[in-house]
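Take the given structure of chain Z and dock chain Y to it, following the hints.
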Amino acid sequence: MRNDLHDRMLSAHEARDRIALIKLYAEAADSMNDIDASCFFLTHAYVFALEAGSPDAKVLHARLKQHGREA
Amino acid sequence: MTQPITDLSSVCANVEQANGLPNAHYIDPTIYAEEKQALLFSQWAGLAVAADVPEPGDAVPLNFVGMPLLLIRDKDGDVRVFQNICRHRGMILVEEPRKIEGAIRCPYHSWCYSTKGDLVATPHVGGPGQNTHDAIKRNELGLIEVRSHVWRDVVWINVSGDAPAFEDAMSDVMHRWREFELPLYHGGHDSRFTLEVNTNWKLAVENYCESYHLPWVHPGLNSYSKLEDHYHIEQPGQYSGQGTLVYRQLTNENGETFPDFEEVGSRWNEQAEYIAVYPNVLLGTHRDHAFAIILEPRGPEHTIEHVHLYYSVPDSDEGLRMRNSQLWKTVFEEDIFVVEGMQRGRHADQFDGGRFSPVMDSPTHCFHHWVADKIATHRSLAKAAE
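Protein chains in written order, with the working numbering: chain Z, 1 to 71; chain Y, 1 to 386.
Isolated chain Y (complex conformation):
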């Protein structure tokens, strides 16, 4: 196959001169396939949250950029990710979210796997009633496990298997938020929602990174959180985002607030941060709650945003939780018209990727630079392999 080529040299220029990524990176299926490998499979990408499988045996089939995966909590309580296919004929093992009571049985020829992925039964493999055969070595035919790691309840996966260890790859952001290395409690059914958006997943990252749009797109936020109260967060090659210095806690009619994460320090009293951890996880943290948004790419121009809200205690006030969910849902819905509008804009042939405000857009440029670097690496490896 001919390697798709886009010129990304101007993307990597200084923010004052740089252009954004070319249109093809948002609309071309071939580039989308290239980015699947270069930006998603080769990195630590967000797949789901551990709260999706709260109990041992809980299993959820997922499709990650076309790859069928199975998220499962094994019998010992560890979260694992497997390719959702039988090692026999490649049949899909689990079609719907369900509890695995004992073993995962393939619905085709009934090969069975433990929740840890071990192949435990191969019925009739040596003929009727003969359940073993020398050629079928069960210890070599367990489910294919995808490297995974849970941090801030997000299940991160590295499909290619060759990224640096998670703690090394994410050491900077983990250090930045070290005060928040505390138990996170998912708010439950009222604290999760999804938004289906007709946009390339990268535009959702780009919009999340910068505060420039806040007064225009989120005038409600601007009433107390003004542009000048925000600062940029940039860690080239890893993450970028924004912070605010005027976070105000949500209160109910009795003036009550969510309990704080204990001992996070007074600097977080009015500070909050919103970070896009490349490639596809958007995180937010505050003194009293946090959220994670996992961007699920569903095609060059379609993304599902999975939003989850977390608290410092398992029994936070339901009314406050619902109010908080609605608040954030309103904010994230306000962003939809811009990411969908930018997506439609990528069909204008003469668009050059646009320009960045050197002052306001540098976190977004940081992301573009990361994309361009990863694609350059991917292309050079592919060329070397030829």
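Just chain Z, with the same shape it has in the complex:
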């Protein structure tokens, strides 16, 4: 993961900015070449989307389910 993405994630965590966290973890997932690593970050994006009640949750859930990672 790029350093600047890591820093932005930490800032978003610090600010408890869930909307930013959803985007940043999804961005991290998309930047991975490995499916396990990608699903790790997708999981975080999905959890923050669930918590925020974001419509992104549906799409993220579908992606995880497609890879057999979610019910």
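Mixed in with the good hints there might be a few duds.
If we take Cβ atoms under 8 Å as the criterion, some of the chain Z residues that face chain Y in the derived model are [as the list claims (entries may be wrong)]:
1. 2
2. 36
3. 39
4. 40
5. 43
6. 47
7. 50
8. 53
9. 70
10. 71
From chain Y, some residues computed to sit far from chain Z (all C-beta separations above 10 Å) [to be verified]:
11. 54
12. 112
13. 344
14. 350
15. 358
16. 374
It should be emphasised that the hints constitute simulated quantities derived from the structure, not laboratory data.
Ideal Cβ placement from N, Cα and C applies to all residues, glycine included.
Below, chain Y without anything else, positioned relative to chain Z:
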């Protein structure tokens, strides 16, 4: 553990001969723990008011006699009570009152729950990026829901889960006040206050039940509501209290009053009732307003009284509301020195629980009798279980 034993036989005697509950029931931590089960968890007890969670997603963590609970209004608008813990490692889920926008996320490993308590996400439970595992059945691991019921805006809970249905347990008092089964509108921020009192919660019930003390402790009330204008209310095993026949409406400088609850009937024009619904809810109703006091036991000698005032319309006059809140606050504050004084009195070793005026104290004796009966039942069940 050895079962604590107090002799309650004299409590159940006729009011003319009876003694009050022994000191230990007010000061002993072991008896307090016993009463937690016998009087609070096994009954329909008051926890909070629905007005504490006015909007869907509103969540308030509460501590009910040591048990962490979560009061929440779910996405469909229903009030629910859950144990405020994650089914994973028992972590506290919600630390402060807040709005749940989507799901309740455990701050530890981020298991997520819907506002209806369903477990909806178990991140990495099967390893990194693997969010399911055959051993973790989400449909079996929802939040633990505590049985609850909303009546007169009070959120009543039955922690043990085995009390009769609320409408059955409360049928008498619900019937008594059936004319008031109308929408209640909480007066808002100016119509709620709390009083922290150094007393056992039962003494607050006992004081509320009887009118005997009114002329001495509330001389202001006595100027128009005299002792002889009051009557006893007693439903053994359920509730007791007092009524008045000379209720006078509050007016502002223009002579305006609160609007009445519609169609409650002329008998309530000058009548008002004050009922302690056992164990810990004190209710009052009048033609034009009502109140609920939830006694929150915080230890053998510490109680928080949560007072809420209600009106017949959502937009009652603010000035009148504030005046009414101040009036009731003054009355309830006048009671503090007696319940704290009786509490200190329970440290006198030779006190035998006291005696009751056969004429004036029977509603209080009714409550003592209920306490003694519930404890006897609890002890016999515990003995049978051994």
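Quick rundown of the hints versus the structure:
Annotation: residue 2(Z) was flagged as interfacial toward chain Y, and the flag is violated, the nearest CB pair being 20 Å apart, outside 8 Å. For the restraint placing residue 36(Z) at the interface with chain Y, the shortest Cβ-Cβ distance is roughly 5 Å, inside the 8 Å limit, so the hint holds. For residue 39(Z), the interface hint holds, the least distance from its beta-carbon to any beta-carbon of chain Y being 3 Å, beneath 8 Å. Proximity of residue 40(Z) to chain Y holds as hinted, the smallest CB-CB distance being about 4 Å (cut-off 8 Å).
The closest approach between the C-beta of residue 43(Z) and any C-beta of chain Y is roughly 5 Å, which is under the 8 Å cut-off, so the hint is satisfied. Taking 8 Å as the C-beta cut-off, the interface hint given for residue 47(Z) holds, the closest approach to chain Y being about 5 Å. Against a cut-off of 8 Å between C-beta atoms, the interface hint on residue 50(Z) holds, since the closest Cβ of chain Y lies about 4 Å away. Look at residue 53(Z): its Cβ gets to within about 3 Å of chain Y, closer than 8 Å, so that hint holds up.
Hint status for residue 70(Z) relative to chain Y: holds, with the closest Cβ pair at about 5 Å, below 8 Å. With a cut of 8 Å, the hint placing residue 71(Z) at the interface with chain Y holds, because the nearest CB-to-CB distance is about 5 Å. For residue 54(Y), the condition that its CB be more than 10 Å from all CB atoms of chain Z holds, with the nearest at approximately 18 Å. Listed as a non-interface residue, residue 112(Y) fails to keep its Cβ farther than 10 Å from every Cβ of chain Z; the least gap is roughly 5 Å.
For residue 344(Y), the non-interface assignment is confirmed: its Cβ lies about 47 Å from the closest Cβ of chain Z, beyond the 10 Å cut-off. For residue 350(Y), the requirement that its beta carbon stay farther than 10 Å from each beta carbon of chain Z is met, with the minimum near 59 Å. Residue-level check passed: residue 358(Y) sits 61 Å from the nearest beta carbon of chain Z, beyond 10 Å. Look at residue 374(Y): its CB is around 42 Å from the nearest CB on chain Z, clear of 10 Å, so calling it non-interface holds up.
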